[in-house]
Structure formats: C-alpha cells, structure tokens
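Visitor: Knowing the structure of chain A, use the given hints to seat chains B and C on it.
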Amino acid sequence: MPVMPPVVPQPGTERPKPYSGYFQRGTSVADPELTQIGPGTPMGEYMRRFWQPVCLSGQLTGVPLAIRVLSEDLVAYLDGAGTVGVLHRHCSHRGTSLEYGIVSERGLRCCYHGWLFDADGSILETPGESPSSPLKETFRHGSYPAHEYEGLIFVYMGPPEERPPFVTYDTAEVAGNALVPFSLAHPCNWLQIHENHMDPVHSVFLHVQIGGDQLPRAWGELPVLSFRETDDGAGMVYISNRRKDDETIWVRNQQAHLPNFVQIAGIFDLGRQERYFTRAGMEWWTVPNDDTHSTVFGWRHFNDEVDPRHEGCRDLIGVESCDHIAGRTHTNTYETQQREPGDWEVLVSQRPIAIHGLEHLGTTDAGVVMLRRLLRQAVRKENPSAWPDRRFTKTTRLSTSVQDTTLSVPMRPGVDDREVLGRYGTAVTDAVLDSAGQPTSERRARVEARVLLERQNSTRADRV
Amino acid sequence: MPVMPPVVPQPGTERPKPYSGYFQRGTSVADPELTQIGPGTPMGEYMRRFWQPVCLSGQLTGVPLAIRVLSEDLVAYLDGAGTVGVLHRHCSHRGTSLEYGIVSERGLRCCYHGWLFDADGSILETPGESPSSPLKETFRHGSYPAHEYEGLIFVYMGPPEERPPFVTYDTAEVAGNALVPFSLAHPCNWLQIHENHMDPVHSVFLHVQIGGDQLPRAWGELPVLSFRETDDGAGMVYISNRRKDDETIWVRNQQAHLPNFVQIAGIFDLGRQERYFTRAGMEWWTVPNDDTHSTVFGWRHFNDEVDPRHEGCRDLIGVESCDHIAGRTHTNTYETQQREPGDWEVLVSQRPIAIHGLEHLGTTDAGVVMLRRLLRQAVRKENPSAWPDRRFTKTTRLSTSVQDTTLSVPMRPGVDDREVLGRYGTAVTDAVLDSAGQPTSERRARVEARVLLERQNSTRADRV
Amino acid sequence: MPVMPPVVPQPGTERPKPYSGYFQRGTSVADPELTQIGPGTPMGEYMRRFWQPVCLSGQLTGVPLAIRVLSEDLVAYLDGAGTVGVLHRHCSHRGTSLEYGIVSERGLRCCYHGWLFDADGSILETPGESPSSPLKETFRHGSYPAHEYEGLIFVYMGPPEERPPFVTYDTAEVAGNALVPFSLAHPCNWLQIHENHMDPVHSVFLHVQIGGDQLPRAWGELPVLSFRETDDGAGMVYISNRRKDDETIWVRNQQAHLPNFVQIAGIFDLGRQERYFTRAGMEWWTVPNDDTHSTVFGWRHFNDEVDPRHEGCRDLIGVESCDHIAGRTHTNTYETQQREPGDWEVLVSQRPIAIHGLEHLGTTDAGVVMLRRLLRQAVRKENPSAWPDRRFTKTTRLSTSVQDTTLSVPMRPGVDDREVLGRYGTAVTDAVLDSAGQPTSERRARVEARVLLERQNSTRADRV
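Chains as they are written, first to last, in my numbering: chain A, 1 to 464; chain B, 1 to 464; chain C, 1 to 464.
Bear in mind the hints are in silico, worked out from the structure with no lab data behind them.
Remember, it's a predicted structure, so these values are computed and weren't measured experimentally.
Quick reminder that beta carbons are idealized off the backbone N, C-alpha and C, glycines included.
Where hints are given, some of them may not hold.
To be verified - Covered stretches of chain C, as calculated for chain B (at least 3 residues, CB under 8 Å):
no., stretch
1, 114-127
2, 283-295
Unchecked claim - Keeping only pairs whose Cα atoms sit at most 25 Å apart, straight-line, the calculated DSS-like set for lysine-lysine is:
no., chain 1, residue 1, chain 2, residue 2
3, B, K17, C, K17
4, C, K17, A, K136
5, B, K136, A, K17
For reference, chain A alone in the conformation it holds in the complex (with noise of 0.2 Å):
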C-alpha cells in the first residue's frame, strides 16, 4: 500500500494562506545530537562527564532505592558503615534487581543468593560457592563513585580516568546559608526543562500576566534583555534589567553552567533598598532518567540577603515539592492545570522529546539560541573549555555571577528609559563578571563603584 509522504511546504514557497493546516502537517525529528542521552551518544557522553546529584540523602533509608539515570538503570543506597553506593541495579549472579537488595553493614546484599556487592564493585561474599572459591576476583559488579554533598548524592558515570574534582561553588558562602534539597520528576526531554532558564521572557507571561501572582508584580514587565557568554567558556548568563517603580530599577543575571546546571537569582521582592550582588535564590540541575523523563534535582538556598521577608518555607522542600513551586508538578488534576498553568504544563507538554525543526523562534529566544549553540559546540568538542577537564582542575569552588542589583535610578522625563536599564543592566554585568574569581565582597564593591561611574556619566550626559 504506498502511503503518500505529507504535504509540507518547500523552501523558498509562501506564507501559507488562512486555514492552511493542511499544508502544516509535516513533522520534524527531535535534535538527537542535543537531547538523546543514553550510553555512547555524544551528549550522554559528555553529561558522563560531570557529576551529577541522582537522590536526596534523605531517599536512603534502610532499602535500596531504585533510580535511573541517563538511560542506566541503577540502585543507591547507605550501607551500615555510612558508605554511598550506586550500582547497576540488575545482580551480576543472575540477574534479580537489587533494589530487593539488603542493606548490609558493608555493602549491599541479593536476597536471591546472598552475594555481597561493595560500593566500588567488588564482590565482597558468595555464600553458596565454596569459600576458596576464585569466583569473586574474576568480574566486578557494575558501579559508579558517589559523593554525598548538602543533602544530594552525587554521582560519577564517565570513563573512571576521567573522573573530575567534585566541585563546589561560590553561592554556598552567603552569612547563614542554608541550603535544602529537592527534586521534581517531569516526563519529558531534559533541555526543554533546563533551557527554560535562559528564557527570562516566559516569566513576563507565564509567571504574571497569566499566571497572576506566581512572581512578584515587576516580574510581568518585559525587561531590557540580553546573553553573554561566560569568560571561562563554560557558560552564559542573562542580563535583565527592570524598572521597579519610578525610582528603582533592577539588574538580575542568571547563569547557565555547561551541560546542565543552573543558577537562579533571588525568588523573592528584594524590595526597594539599594542592594548590590545578592546571590542565588535556587540551584539546580536537570538531570535525564532517560530521553523522556527528567528529574530536576537543587537547593533553596535560604538566608537574609536572597529572602528578607523570610517569604520560604522549608517544609514545602523535599522529594516532588518545593516551596517557590508549590502544586507545580504532576500532582495537580487536568482541569487546575488548564485554569492555572506553570513551567511544568509548558514544558512537559511541549511533546516528551520538543522538535526544534517545528519552531518559530523570535528575538526573545537568544538566550536559548546561544544555549543550544554552546550545548552544541561542546558536545562536537570545539570548545575545549566547556570540558570538565579544562574547568575543574585548579579549584573545587567555582566562581559564579548569578546575582540581583537594585539601585535607585528615578525616571527621568523626555529620557529613554529603556535605553537607562539597558546601560545600567551593562555596567552591573561588566563588574560581576569581570571579577569573577575574586571575594564576595571585593565584587560586590566593584558592582558599586561601577555603578557609581555609570551614575557620573549619566549625569555628565544630562548636561550636555
């Protein structure tokens, strides 16, 4: 039966007329060079690379605990010697899943069997074979180093020699921070969940103007926007710059770390009070089970500077639930997620793998743009920089430039004043990130002495 190909207009035809589905029926593929993660593709190989948080802490408790990861399906769990192991689920003997393991004092045991698996792989015991058995030094159970850090654990899966530092970063260092774990399942592609960070623009609508009060109100104005890639070739970060009220505006960079994680500024008003480099609200990576289903695993960080009003609430915060999110998962019936959707209706539904060749991006999809475009480079290895390799090896707390700014700059009449944002925007975002690597404080000095040059040039300018 010859089946005829779809009707899909060519290159170079016209706009298509009203009512033209028809001609809008082709379909495109996924971009599987970006989303297919699994076991030797070129992105599951370089998410290999990195470590990645696949459970809470708090998930190990007395029995193994079942997780898959880029396609890989495994088991964690905490024996009794306080030891992380994470291995291939499926028992190397005969095959039984070890998520019925018992967890022992060391290690963790088949309940088929009894064979006793160490966290690095050894075969530690054979019980039914004879004591003097070889059988345990001949093969070792498939496993991948872990590190525990702030309540996520933390796993290792590339090639062993390639194993980097664990790195920390500079956001943890704010007075009194607290940092609380969660994570929340959704049923789709990883990168349309993560690439939803550099797209400030969706907040505007999604957030405010349709969302009504998922953000504060100066979140539904649309910023003065732009990217810009990170000195240290890993990275970009947004500049959004915003008018509070008549006498305040406000710079915010978010910033994106190859291949997926991200940094997310303050999630509460800031208020009116002149405040510079105030850092990161949230953390989090987003981190594929396999190429449908992803589970975003981070931190609220909560201290004074990010949360003045303490506006958080930390019982909201664990496994599926976070308090800035709150009723944004799979939990909600159908018909609240018509009347009040969130990022997760718009990203899961933007089909489970989103085809990028069905897409009409406009201006406001820079920052997507340039985030697939590092994303590509990377994984094609022209970017040497964008490699654990390159990055890790000198310190394992990394410098970042996620921050707010808020500085009193009163519209002027007969002014531009998105001309203002955008020059203030550029001066705050030229000292975060032309003193990355220096101290918290020596930064934030260098945001205000730059903003304190931009306040001379701007009144210089009024002059003339």
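Guide: Just chains B and C now, with coordinates in the frame of chain A:
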C-alpha cells in the same frame, strides 16, 4: 535463530479436521486501504475532503479542548467574540500545548510567552517581540475552518482549495424536530463501527435474541433483506422487510453516505398504525481519532413521528452517553460486558483493527461487502460521484432516503409470506429512491401510491 | 547522527577496576532458543507437543474465560452438556471476541450474529444464513482438545497427529491424597520461573537467611548438593542432603520434567522420625502466556505423609493464591516487596526476559546450567527421549522420583559430616532412580535396604 513460519492451510487444501487450531494460527494484515487514516493515506485524504464533527458545542467552555482527529493533535476553543477555532495543538513558537492556552476575546493565547493566534492561523500578537517585528507576518499557525451546527462542531481538514460547502440533510425537516448531540468513544478502528450499520442481521441476534430487551421484539425475526446503491453514487441503503404481526408489515431503509456518515431510521416501536416514510431516529459520523481509536458524533432526533410514545430521554444524551445505547460504553464492568454484551463489546473486540483476511463472510454480510466495495472504489477514484466536488455543488440540503414504512398487510394462508415481504419492500424502496430530491410530502405520497398499486397487483394475483 | 557503541570489555581483557560501571554498560540479548514460545518458534513448538494446564476448572462458570497461552488468544468454556471447549478467541465470522459469547447447551455462540461453535471447531449454526447454506461445511473454527483432571483444564495445542495420551504421575498415589489446584501469574518469561526449582541454594538465602521464616530452619544450611539426569532422558533431579540436627539427616530429590513441569517434595517440616521416600508437596507447570508473561498452574498435595502436622490451608489455595507462598504475588505493596522479598520479586525482577549473556554463574548454578542444556538439546532434537512420542506411548501414569527421606545418622567427631551427607544422599538417590517404574512400596523398601547397606559400610569403615 531461525523461526519456523506459522503453519497455514494452502489454497485448495481440505477443510481442517476437528481440533485443528494448530493449522489455523496464520495471521493476516488488516485492510490498510480502508482502515488507515493518517495524513497522506488514501482513506485519510478522502475523509479530509468532508466536513467532520469533532466535538460538541457544549464542550467548548472557558478552556481549550484537546482533540485528536485523523491522527492529528488539535485544540478547539470558542473565543470571546463567538468564533470557534480549531488549531494544531502545539504552539508554533516553542511547541507548548495550546490546551493550556488562554481563551481570549479574539483568538487563543499560548500561556508560555503569550503569543496570540486567530482561528485562521494568523499570529495576532507576539508580545515579547518588538511591536515592529515582522515575525507575525512570516508564518501562520496550522488551523482548520470550523462550523457549528445543531450542537456539533464540524471541521474541514482537507486542502483549502477543495473545501466543499457545509451540507445538511433533509431529515431535519420533520415538524417539531429537535436534534440532541452526543458522542461515544471507541478504542478501535472506524470501519468496524461504521459497517455495523449496513449489517441489520446483527440486531436480530445481538440486540434481541441474545441481548434480550435491547430493541423491540419485532427486531428479533430475521428480515427479508437486500441492499442497494443510491442513485447519487455516494452511498447505499439497506432494505429490511419484517412482519410485525399477523396484520402488519414493516419496511425499513437505513442509509450510509460515503465515507463515514449513517442515517438510522426509527429506534422506537412505531406501532401498528399505517405510516409512510417516517424519517431518522438518529444520525452519526464515525470519526477516526487515529487508526485504533474512533469517536462517534451525531444526534438523536426528537419528534412525534419517530417517537410517538415519547420513549426517548434527552437527559441521557451527551458526551459519552446516549439514551438509545445507555450504558453501552467503556464504563461497564467486565462482568456486565460479558453478561450483557452490546455494540461496544462486539465492535471493539474485533481487535484494534479488524483483520478482513481472517473473516468468513456469509450472504448476510452482503451489506458490509457492498460498503467496503464502495469505499474502495471511492479512495481509488474509480467513482467520481463519491467525492464532494461532485456531490455538494448544487445544494446544501441533501435529499436522503432513510425511512420506516408500516403497512397493513395480513398474512394469508398458502401464500409465501417472505415473498410478500420482499415485494412490498421493493415497492416502498423503489418509491423512496425514485423520489429523491422531491419534498417530503410528495415522497410520502409516492410511497403511498406505490403501495396501493402493489395491493391491487396482489389482489389480482390472488384471483389468478 | 553517529552513536558510539557501548564500551564492553573484550575477551581476554582484565577484570574491571573499582568503580568501573562505565565499562560494563554492554547489553546482550536474551536466549531466544529457550525463551521465545510463539507459534513457529523452536521452544514454542516443543511445548505444544505436551498437554498444558491453562485454567482451573472452577474458573469455567456461566461465561467464557479469555485466556492467553503460548502467545495465542483463546477462550475456554464449559457447555451445558459438560464439554470443555478451548477455541481461538476471535469469531471466525467477523472477528468479535468469543469472550462475550453465550455458553450454550452444546458449544459456544457468538453474541454478534449468533453463530454456534462446537468444542472441536465445527460450526453448528449460522442462523442468519439460509438453513440450506453450505457455509458451515466449508471451514472450521480454530480449536484445541481439552481435558479436565483434578481441577485443572489441560489443552493440547500441537499438531493433531502428534497428540500424546494425557499422562498422570505416580505422586497422586499416596493414601488419602488430595490435590488442590492453584494458579499464579508472573509478568516475566517462563524459563526464569521454571529454573528456580533446580536452584535449591536460593532457598537457603531468600527463604531462610534473608526471608526469615519463609521455610523451616533446616533449609537455612547450605546442603551438600548434586544434580543428575533421570534415566528416561526426560528431565533431572536435584539431590540435596542436609543435616537437620545432631542425630538426623535429610535427603531430598526434586524433579524437573522437560519442558516445564516440576515436582516439589515436602514443603513442611517432616520431623525427626525416620521416613523413607515421602512424595510431593506440590507440583506445577510454568505455562507461558507469551514471551514476557507466564502463569504457574499446579496442585498442592494434602496427605498425612507430606503434612504430618496439618499445616497446610486449603482455603488459601486457588486463583492467584497458594498457602505455601501466601502473599507472594503481585498484590504486595512495593514497601512489603522491598522488606520481605520472595520468589515473585526475585524472578520477575530479572527483567521481562532474563539475559543469560549478562550472568556470572557459579558452581551452585549447576542445576540451572543442566536444565538449560537439557532444554536446548530437546528443542534441537538431539534427544529423542525428551519428546512425548518416546515417553508417553506405554503408560499413562508416569513413575517419578521426587521424594524426601529422613534418616537417623548421628554426627560423629572426627568424621567429615559433609562427606557422610553426600554418601547417604547418593545411596538414597541411587535407590530411588534405580527403582523407577516399581510400585511405591517396593521403592520404599529399596531405599531402606540401600540405607541399611550404607550404614553397614559406614560401621565397617569406622572399624578400619
């Protein structure tokens, strides 16, 4: 690993012996020419040349309705100006589902970045972009024209230049008639549902002899049965002739219009009173959602002519519900399905797509055979009359032939009653089909005149 | 998009280093020769040469029972005349499922058009057709012969000319014995369920050391273990020799008959009293529904010999339930599964089809290895004795070797007790296998005589 082919009987071989299931394990493919309906398939393209119902008007409330039609994912909505829109479901910007969109005063707005689409696919707003951006003019969102009629939303999904006028049927002309819309979802291919209407023998068994009281008792006798193509070349009728009692006979015509519309005559007992040419009790389209899911959309007719004792119940009619087939949906328990099977069970259980190659058809399947032949001729373009450009150019109210006629014809000893039934059935149907295009009153008179003539002939024959 | 092949260790390469899961991501195919059972597959055709249980008699009530056996969709029923029919599920007329059919005085009637099928596939009635229609004589509905025995319905699905007699086993001969039927569904391949019976080591760990009180404590010691093919060439036994206490030892034989039948010896503690050749506690067939679903059908035996303290509970035995493995079905919560794993969890979680290529087998898997080898020889027709035409020609009651023997053999200082266990085990098993075909009382006497001889030899050896 070589796998032996299943053992199947060879053509010309003998009938299998008892207990020979082993030799009958061969499978066959479904009939793709008639059953596949996706974009570009022969039947799919043929169906797209007709307006098809896709939902009830009452389903268009304040939120969009996600629908799937002919293997395409769509969304339907009613905007503030009263326009019904049917759009491709995924936003042409970044792919988010428009089922989470905001129904606006004009058009449907995506909740992610606020782009606003009109019913004809025009992009009305791209609010994140500069007001002067030409982006809106460079493309159009996939859309189809919609038309509301008697509580159903119809959509045309074919090539725009081939769009036929929206046609209606003369069955709505009965005095005081009211059409009450309904829909019923079935997890199976469309054809096995549709062809059930040209198989009146199933009513004898499924609905009466086995099903008990699903239909009035007169249905429980095997009718004298024949089938005839209609003169317009666009469908067929069945001619079912039954004796109601010793004094009364009953001639029924039910009509199938290519490709997927059917008109069903009275569904309640019309009594023993002599009545000519009473019209439809219900009408419906069997609309494919995809190859293995279909939804029936149609109306129940309410008027004194087809429901003289007011047995119908409007309150039972709507989405997934119909008074005539109350409970005959997926909502029954398996026990009820087994003990009281109805159309839903016999149709859905023919497999997701019935496999014609495994059937053993009898003479009573003549209507099914004729319908499949007409459909095959149509998709092969061997019958131009089956295509809407030949059928819908001159009129928007089509003359149809669905009807019941009840006649006083006493049984007479020594006379072959089935011969009598066949003779009257032919007489009535001749008059009905020959008068197509005439006003209803004229046609009724033609039937009456023809019956009178038949009575005279019979009396004369008796004398001879 | 080129995808790198998964990294797998090459033959001859070294054992992976610690934390080398990255190098162990290779996958392998399941063993299709032994695991695939659809029509035309080697194992599927082999299994079809044997009568297989497909449901419990008690499941045949007033409505048909839809069953799936060896990847074929069937329906079973008990008609008014007491005949059990097993038919291809879809009506040979138009494909409607006969699970909605009407069980008749003779045969099963399709509810759609009333066609009536007899148990042998004859078409008894096609009521919509003319009474003189030859249609009924032109074909036959697919059917298989059925046989009811001790509460189970057995079906023969192989070539009709190869149908073997229905055979029974001598294990039913115990005085006062009652067989109580049960079934248990498993969502996995048949082989991993079946081979569990030739793996007595799993009982030590899963059922005692890990599972706690799933079996009497004596099971918790590693037995002196060996395996032997039976002389009829059609299966194997395991020989498990354990010390019960300082005074008593216990020799157990469990028997697997090719392809999928197993006889399990006593499942309750038989006490310290000396007993010879006590027979089966349960028997079962692991019947594939399809490649990834299987149902176990069998009986629990109730008699004073295997259950001296009357620990069994008939009320717990039936569809999806068995007293010996109460709760060990899919009905447990995930938490219970994790905390109290049993056979169901370890077998089902070996993947839908266990992948032999990923296993690391030890000496304790010798029984599994032997069983797979026997099955492979059978399907390759290298062992004619494994086929029913060689096995079932002369008798309908097969002599089998499943048994327990409890012996008073005190531990003696300075003597290697495992050597003693092995010696008595060999003696008992020799007597059991050598006496196959003899009456039970004769065989018991042979065992006793052989044990006496062994005791004499032991005493003599002591003196030396």
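Visitor: With reference to the structure, classify each hint as holding or not holding.
Guide: A quick look at each hint next to the structure:
Chain B is given as covering the stretch 114-127 of chain C, and this holds because 6 residues of the stretch bring a CB closer than 8 Å to a CB of that chain, at least three being needed. With 0 residues having a Cβ less than 8 Å from any Cβ of chain B, the stretch 283-295 of chain C misses the three-residue criterion, and the hint is violated. For the given pair, K17(B) sits about 64 Å from K17(C) by alpha-carbon distance, which is inconsistent with the 25 Å threshold. Proximity of K17(C) to K136(A) is assessed by CA-CA distance (about 13 Å); at most 25 Å being required, the pair is judged to hold.
With a C-alpha separation of about 13 Å, the suggested pair K136(B) and K17(A) falls inside the 25 Å cut-off, and the hint holds.
Violated hints, listed in ascending order, are 2, 3; each of the other numbered hints is respected by the structure.
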